[in-house]
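Undergrad: On the provided structure of chain A, position chain B as indicated by the hints.
Chains A and B supply the protein sequences, listed in that same order. Under full-length UniProt numbering, the first residue of the first sequence is numbered 1, with each subsequent residue one higher. Under full-length UniProt numbering, the first residue of the second sequence is numbered 1, with each subsequent residue one higher.
Derived by calculation from the structure, the hints in this document are not laboratory data. Glycine included, every Cβ here is placed at the ideal spot set by N, Cα and C. Accuracy of the hints is not assured; some may be wrong.
[Unchecked claim] In silico SDA-like links for lysine to any residue, alpha-carbon gap of 25 Å or less:
| id | chain 1 | residue 1 | chain 2 | residue 2 |
| --- | --- | --- | --- | --- |
| 1 | A | K77 | B | K35 |
| 2 | B | K25 | A | H83 |
| 3 | B | K241 | A | R19 |
| 4 | B | K241 | A | L36 |
| 5 | A | K77 | B | N64 |
| 6 | A | K161 | A | H83 |
| 7 | A | K77 | B | H78 |
| 8 | B | K325 | B | L391 |
| 9 | B | K301 | B | V348 |
| 10 | B | K35 | A | R19 |
| 11 | B | K25 | A | V31 |
| 12 | B | K241 | A | L125 |
| 13 | B | K241 | A | R18 |
| 14 | A | K133 | A | T51 |
| 15 | B | K25 | A | R75 |
| 16 | B | K25 | A | K138 |
| 17 | B | K301 | B | Y351 |
| 18 | B | K25 | A | G30 |
| 19 | B | K241 | A | H83 |
| 20 | B | K241 | A | S17 |
| 21 | B | K25 | A | S27 |
| 22 | B | K241 | A | K138 |
| 23 | B | K35 | A | L23 |
| 24 | A | K161 | A | D178 |
| 25 | B | K241 | A | L23 |
| 26 | A | K77 | B | M63 |
| 27 | B | K35 | A | A26 |
| 28 | B | K241 | A | K161 |
| 29 | B | K25 | A | A28 |
| 30 | A | K77 | B | D82 |
| 31 | B | K241 | A | G30 |
| 32 | B | K241 | A | S27 |
[To be verified] FRET-style restraints, in silico, Cβ to Cβ:
| id | chain 1 | residue 1 | chain 2 | residue 2 | range |
| --- | --- | --- | --- | --- | --- |
| 33 | B | L130 | A | L22 | 25 to 33 Å |
| 34 | B | P267 | A | E104 | 57 to 65 Å |
| 35 | B | W40 | A | L36 | 24 to 32 Å |
| 36 | A | P147 | B | P267 | 50 to 58 Å |
One-letter residues, chain by chain:
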Amino acid sequence: MADTSTSASGTPPEGESRRDFLLYAASAVGVAGTALAVWPLIHSMNPAADTLALSSTEVDLSSIAVGQAITVTWRGKPVFIRHRTDEEIEAARKVDLAELRDPETDDKRVKKAEWLILVGICTHLGCIPMGQKASDPKGEYGGWFCPCHGSAYDTSGRIRKGPAPLNLAVPTYTFLTDTSVRIG
Amino acid sequence: MSGQKFDNKIVQWVDERLPIFSVLKESAVDYPTPKNLNYWWNFGSLAGFMLVVMILTGIFLAMNYAANTAIAFGVVEHIMRDVNYGWLLRYLHMNGASFFFICVYIHIFRGLYYGSYKAPRELLWALGLLIYLVMMGTAFMGYVLPWGQMSFWGATVITNLFSAIPVVGDYIVTLLWGGFSVDNPTLNRFYALHYLLPFVIFALVFLHLVALHTTKSNNPLGIDVTGPQDTIPFHPYYTVKDLVGIGVLLLIYLAVVFFAPNFFGEPDNYVPANPLVTPPHIVPEWYFLPFYAILRAIPDKLGGVLAMFGAIVILFFLPWIDSSKVRSAKFRPIFKQIFWIFLAVCLVLGYCGSQPPEGQIVVVGRIATAAYFLFFPLLWVLGKIEKPKPLPQSISAPVLKGASAGHAAQKMEKA
Numbered sequence: 001m002a003d004t005s006t007s008a009s010g011t012p013p014e015g016e017s018r019r020d021f022l023l024y025a026a027s028a029v030g031v032a033g034t035a036l037a038v039w040p041l042i043h044s045m046n047p048a049a050d051t052l053a054l055s056s057t058e059v060d061l062s063s064i065a066v067g068q069a070i071t072v073t074w075r076g077k078p079v080f081i082r083h084r085t086d087e088e089i090e091a092a093r094k095v096d097l098a099e100l101r102d103p104e105t106d107d108k109r110v111k112k113a114e115w116l117i118l119v120g121i122c123t124h125l126g127c128i129p130m131g132q133k134a135s136d137p138k139g140e141y142g143g144w145f146c147p148c149h150g151s152a153y154d155t156s157g158r159i160r161k162g163p164a165p166l167n168l169a170v171p172t173y174t175f176l177t178d179t180s181v182r183i184g
Numbered sequence: 001m002s003g004q005k006f007d008n009k010i011v012q013w014v015d016e017r018l019p020i021f022s023v024l025k026e027s028a029v030d031y032p033t034p035k036n037l038n039y040w041w042n043f044g045s046l047a048g049f050m051l052v053v054m055i056l057t058g059i060f061l062a063m064n065y066a067a068n069t070a071i072a073f074g075v076v077e078h079i080m081r082d083v084n085y086g087w088l089l090r091y092l093h094m095n096g097a098s099f100f101f102i103c104v105y106i107h108i109f110r111g112l113y114y115g116s117y118k119a120p121r122e123l124l125w126a127l128g129l130l131i132y133l134v135m136m137g138t139a140f141m142g143y144v145l146p147w148g149q150m151s152f153w154g155a156t157v158i159t160n161l162f163s164a165i166p167v168v169g170d171y172i173v174t175l176l177w178g179g180f181s182v183d184n185p186t187l188n189r190f191y192a193l194h195y196l197l198p199f200v201i202f203a204l205v206f207l208h209l210v211a212l213h214t215t216k217s218n219n220p221l222g223i224d225v226t227g228p229q230d231t232i233p234f235h236p237y238y239t240v241k242d243l244v245g246i247g248v249l250l251l252i253y254l255a256v257v258f259f260a261p262n263f264f265g266e267p268d269n270y271v272p273a274n275p276l277v278t279p280p281h282i283v284p285e286w287y288f289l290p291f292y293a294i295l296r297a298i299p300d301k302l303g304g305v306l307a308m309f310g311a312i313v314i315l316f317f318l319p320w321i322d323s324s325k326v327r328s329a330k331f332r333p334i335f336k337q338i339f340w341i342f343l344a345v346c347l348v349l350g351y352c353g354s355q356p357p358e359g360q361i362v363v364v365g366r367i368a369t370a371a372y373f374l375f376f377p378l379l380w381v382l383g384k385i386e387k388p389k390p391l392p393q394s395i396s397a398p399v400l401k402g403a404s405a406g407h408a409a410q411k412m413e414k415a
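Okay, chain A solo, but in the shape it has when bound:
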């Protein structure tokens, strides 16, 4: 201890800044190291490999009659597949973009006009809108009606009335054949 005290009192001012440098350098390494160590903990909460492996779903469309709709599960979410009638397609195309809250033409929302494929989650607060079954209320615009807060969607899945801000989302999908589609 005696040694330390004598050398400390005789240290030139440069020694102070070198000590400061060591402190800052050590702190920087410590902060960087902690950040690197925390990342695996956080990343472990992201989807695991088996969850990611289930990220696409194939659907056979051949059994869906015109005017009928089915719901399939994709990434744990409902996906609506509606085989639209000619009247529904016509109604969706006729809409004036100016009166839409989230303007989008029907052409942009489908790959084949008779098949409307949507993520069946209301863009307001995540409820599942009604309108898949024949007995369900379909809302004023003949598409879907969300029972939670009264949002109504048209035959292209666009928001027309109620609190929801956006149209029902269109998932990425590809037609493998004329009657089968892969979602995701």
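TA: For chain B alone, coordinates are given in the frame of chain A:
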């Protein structure tokens, strides 16, 4: 104490209402620590560091685990293969238990060598042993969760220990199992307790620290601090020293995690639990081996169980069994030798516990068990007959050799 203690106004405002900053300053910054602590004093903070690592990795493992006998084994493999960095979390947690025990064992033997259990630190010692006991329970139940063969049969053997208790033994075992064998209810309650107990340990560590900061740290000379010239503030001197220790610990711990992650494990635990087949050689985790050896050394069921628990319980009475007033083994020539023999006996017991109980191992195990228990009466006698070496006047005195204590105090004030 109503004066301005902190420059920062917000800190000051909070501190007047909730003195977290004052307490932190008193116990982690200004805390007067003996200036002669050696590196053996690092292991308390290292054990605390390991506790934090275990709780952190454990929480994230728990997010991916499911305590159900039908899927538990598969879910652990799912963590290993599918969960992002799941292999790292599990290997950190698995080996972390071993390194936690390594730190705690060194910490305990340091306390033994330097007489840290003696007055006025009896409760500090007892709290430490309580932490150790809860740790053993936590580690045991954690080992059951992967639901491999060793998990299942370890749980079966250890819970069956309680069946040795006369009259009520079988009822207690049924109560522990929640059935008639180790099964789904057992796994579920073990998981619940394995999550709870680390926080109990955390609370006990807090009390351990309160007791430590009341009686203050012991030191390698084992003599009391005589004044400010014998101490240095905890920060930066010991914070930096503890960080060095953490760096070294991490090097070794991570080397095992990355290059030999199954070093401490048993291959049998990668076989799913099968209630109809016992593995040919059941061994507990290495940190239980000495007690396992004591259990097997006594050729009587109840006697073995009593001896095993007694081996830990007797440590609680150590402050009163040891009749010597001198703390540090530095000044106790005979105790110093007995200490190393005792340490060797514990290691021999550990080796015996790892071997199948056949032939010479049984004999060696019995001799070592006898030696373990003989240590305690010997300590009592030794305190009466041993002539300790002269103690230095103060912590500063032997460092400054020729210089007087008064001179040393002046030097300190100048610095």
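Undergrad: Hint by hint, say whether it matches the structure.
TA: Status of the hints after comparison with the structure:
Straight-line distance between C-alpha atoms of A/K77 and B/K35 comes to about 63 Å, which puts the hinted pair past the 25 Å bound. Restraint check for B/K25 and A/H83: not satisfied, since their Cα atoms lie roughly 71 Å apart, outside the 25 Å limit. A hinted pair counts as satisfied when its Cα atoms are at most 25 Å apart, and B/K241 with A/R19 qualifies at roughly 16 Å. A distance of roughly 23 Å separates the Cα atoms of B/K241 and A/L36; the hinted pair therefore holds under the 25 Å criterion.
This hinted pair checks out: A/K77 and B/N64 have alpha carbons roughly 21 Å apart, not beyond 25 Å. Distance check on the hinted pair: A/K161 and A/H83 sit about 23 Å apart at the alpha-carbon level, within 25 Å; holds. Restraint check for A/K77 and B/H78: satisfied, since their Cα atoms lie roughly 23 Å apart, inside the 25 Å limit. Taking the CA atoms of B/K325 and B/L391, the gap is about 11 Å. The hint holds against a cut of 25 Å.
Restraint check: the Cα-Cα separation between B/K301 and B/V348 comes to about 22 Å, which is no more than 25 Å; the hinted pair holds. For the proposed pair B/K35 and A/R19, the alpha carbon gap of about 22 Å is at most 25 Å, so the pair holds. Distance restraint check for B/K25 and A/V31: the Cα-Cα separation of roughly 22 Å lies within the 25 Å cut-off, and the hinted pair is therefore satisfied. Only pairs whose Cα atoms come within 25 Å are accepted, and B/K241 paired with A/L125 is rejected, the gap being roughly 53 Å.
Annotation: proposed proximity of B/K241 to A/R18 holds, straight-line Cα distance about 19 Å (limit 25 Å). For the hint linking A/K133 to A/T51, the alpha-carbon distance of about 30 Å lies beyond 25 Å, and the restraint is violated. For the suggested pair B/K25 and A/R75, the alpha carbons sit about 51 Å apart, so the restraint of at most 25 Å is broken. The suggested pairing of B/K25 with A/K138 is violated, with an alpha-carbon distance near 66 Å, which exceeds 25 Å.
Between B/K301 and B/Y351 the alpha-carbon distance is near 21 Å, which keeps this suggested pair within the 25 Å criterion. At roughly 22 Å between alpha-carbon atoms, B/K25 and A/G30 fall within 25 Å of each other, so this suggested pair holds. At roughly 72 Å between alpha-carbon atoms, B/K241 and A/H83 are farther apart than 25 Å, so this suggested pair is violated. Restraint check for B/K241 and A/S17: satisfied, since their Cα atoms lie roughly 21 Å apart, inside the 25 Å limit.
The suggested pairing of B/K25 with A/S27 holds, with an alpha-carbon distance near 20 Å, which does not exceed 25 Å. Distance hint between B/K241 and A/K138 is unfulfilled; the C-alpha atoms sit about 71 Å from each other, more than 25 Å. For the given pair, B/K35 sits about 22 Å from A/L23 by alpha-carbon distance, which is consistent with the 25 Å threshold. At roughly 34 Å between alpha-carbon atoms, A/K161 and A/D178 are farther apart than 25 Å, so this suggested pair is violated.
Of the pairs offered as hints, the one joining B/K241 and A/L23 holds, with about 14 Å between alpha carbons and a cut-off of 25 Å not exceeded. This hinted pair checks out: A/K77 and B/M63 have alpha carbons roughly 21 Å apart, not beyond 25 Å. For the hint linking B/K35 to A/A26, the alpha-carbon distance of about 24 Å falls within 25 Å, and the restraint holds. For the hint linking B/K241 to A/K161, the alpha-carbon distance of about 67 Å lies beyond 25 Å, and the restraint is violated.
The straight-line distance between the Cα atoms of B/K25 and A/A28 is roughly 23 Å, inside the 25 Å bound, and the hint therefore holds. A hinted pair counts as satisfied when its Cα atoms are at most 25 Å apart, and A/K77 with B/D82 qualifies at roughly 21 Å. A threshold of 25 Å between alpha carbons decides the hint, and for B/K241 with A/G30 the separation of about 15 Å falls inside it, so the pair holds. A hinted pair counts as satisfied when its Cα atoms are at most 25 Å apart, and B/K241 with A/S27 qualifies at roughly 15 Å.
Our hint of 25 to 33 Å for B/L130 and A/L22 is violated, since their Cβ atoms are close to 40 Å apart. For B/P267 and A/E104, the Cβ-Cβ distance of about 60 Å falls inside the hinted range of 57 to 65 Å, so the restraint holds. For B/W40 and A/L36, the hinted distance range of 24 to 32 Å is satisfied, since their beta carbons lie about 30 Å from each other. For A/P147 paired with B/P267, a C-beta distance near 56 Å keeps the hint of 50 to 58 Å intact.
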